[in-house]
Amino acid sequence: MRLGLYVNLYADKADRPRFADAVEQVRLAEQAGFSWVVLGERHLHRPGYHEAITSLAYLAAHTERIGLATAGLIAPVHQPVWLAEALAHIDVLSGGRLTAGFVLGYRPEEFTLFGTGPEERVPRFEECLELLTRLWTEEEVTFEGRWTRVEGAYLSPRPVQDPRPGIWNGGRVPAALERTARMCDGWTTSFNETDEELPEKIRAYRSYPRGPGSLGAEVIVCREGYAAATTQRARDALERPLRALYDAYGDWKRTSADAARYAQQWDDIAARSVIGSMDECRERIGGYAEMGADGLVLRVQPPGMPQSDALRAIEAFGELGG
Numbered sequence: 001m002r003l004g005l006y007v008n009l010y011a012d013k014a015d016r017p018r019f020a021d022a023v024e025q026v027r028l029a030e031q032a033g034f035s036w037v038v039l040g041e042r043h044l045h046r047p048g049y050h051e052a053i054t055s056l057a058y059l060a061a062h063t064e065r066i067g068l069a070t071a072g073l074i075a076p077v078h079q080p081v082w083l084a085e086a087l088a089h090i091d092v093l094s095g096g097r098l099t100a101g102f103v104l105g106y107r108p109e110e111f112t113l114f115g116t117g118p119e120e121r122v123p124r125f126e127e128c129l130e131l132l133t134r135l136w137t138e139e140e141v142t143f144e145g146r147w148t149r150v151e152g153a154y155l156s157p158r159p160v161q162d163p164r165p166g167i168w169n170g171g172r173v174p175a176a177l178e179r180t181a182r183m184c185d186g187w188t189t190s191f192n193e194t195d196e197e198l199p200e201k202i203r204a205y206r207s208y209p210r211g212p213g214s215l216g217a218e219v220i221v222c223r224e225g226y227a228a229a230t231t232q233r234a235r236d237a238l239e240r241p242l243r244a245l246y247d248a249y250g251d252w253k254r255t256s257a258d259a260a261r262y263a264q265q266w267d268d269i270a271a272r273s274v275i276g277s278m279d280e281c282r283e284r285i286g287g288y289a290e291m292g293a294d295g296l297v298l299r300v301q302p303p304g305m306p307q308s309d310a311l312r313a314i315e316a317f318g319e320l321g322g
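Residue 319 in full-length UniProt numbering sits at position 319 of the sequence shown, and the numbers go up by one each step.
Quick caveat, the hints were computed from the structure, so don't treat them as lab data. By construction, the Cβ of each residue, glycine as well, lies at the ideal position given by its N, Cα and C atoms. Check before you lean on any hint, since a few could be wrong.
To be verified - Derived CB-CB ranges, DEER-like: (1) Trp266 / Trp147: 40 to 46 Å; (2) Pro47 / Glu120: 26 to 32 Å; (3) Asp268 / Met291: 17 to 23 Å; (4) Gly115 / Thr54: 19 to 25 Å; (5) Asp12 / Ala61: 22 to 28 Å; (6) Ala175 / Glu239: 34 to 40 Å; (7) Arg46 / Arg149: 25 to 31 Å; (8) Glu119 / Gly48: 28 to 34 Å; (9) Thr148 / His62: 32 to 38 Å; (10) Glu119 / Thr231: 43 to 49 Å; (11) Asp236 / Gly287: 19 to 25 Å.
Hey, can you work out the whole structure from these sequences and the hints?
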């Protein structure tokens, strides 16, 4: 099972523009054998949130081997040519380590910020990914969409990876799974997808027809994670900061279909996470492999968790085979 480290991009006035903790975590994850460092995207977050694409470029300069992934960039709000060029350049700078993960987005205020609307998000997403993929793989592109038109366009340089970097997409409903199979190479689950829901959704995702340019149909399960010597030590390190994060998410994700899951109790959260003793976490990781997952992305550090606790968790997961 390949492991990814979901890096906390939260910031506040006390640590801007400090990014040293993230660099330390990612370097340790690289040494521990993790397959990816994974970043998300967020806007209009008053305490602060580091921008994902420039953060990815910064991490590329401070690492050598670990894959650089997003899960995910809000594709409908970005200008496709700019997005294709920026991500292609990260692949070039990193020597071919990019995996580009996307999402539709759900917050109305984020769409407004970028001059779009939630009602346009599906066609904008599809237009963005179609043009991005063509710019990554074709010598010259002429394209006329609803929002973007190019004639004789090309990227120079194009991505290092041949034929292109992998593309992931997140989503929970059947339409999102169908879109992922048709346009992408991997599905990233919600952190709140329950273990009971996952097997059927994995089967459904892999049953949809793949598009002609698809490079695969991998499943990447996203989970809260913390491994320690004992179950109680894991809970002691994670519960308070994770509970605070989920309380904040309750308001942040008020327009999301899974908003109610952030109000659940610790036992409910732990049941869909990789939290506990080393043996418990090893068993949980094996369980996801049996479900058909190809990778597991672990979020080990909610805001407020000391750096030392986060580093201990990364080391522990490395011992489990990261």
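Status of each hint after checking the structure:
1. Trp266 / Trp147: 40 to 46 Å: Given about 44 Å between the Cβ atoms, the range holds.
2. Pro47 / Glu120: 26 to 32 Å: Because 29 Å falls inside the window, the suggested range holds.
3. Asp268 / Met291: 17 to 23 Å: 19 Å, holds
4. Gly115 / Thr54: 19 to 25 Å: Check passed, 21 Å falls within 19 to 25 Å.
5. Asp12 / Ala61: 22 to 28 Å: 24 Å, holds
6. Ala175 / Glu239: 34 to 40 Å: Taking Cβ atoms as reference, Ala175 and Glu239 lie about 35 Å apart, which means the hint holds.
7. Arg46 / Arg149: 25 to 31 Å: 37 Å, violated
8. Glu119 / Gly48: 28 to 34 Å: Distance hint for Glu119, Gly48 holds at roughly 30 Å.
9. Thr148 / His62: 32 to 38 Å: 33 Å, holds
10. Glu119 / Thr231: 43 to 49 Å: Distance hint for Glu119, Thr231 holds at roughly 46 Å.
11. Asp236 / Gly287: 19 to 25 Å: 24 Å, holds
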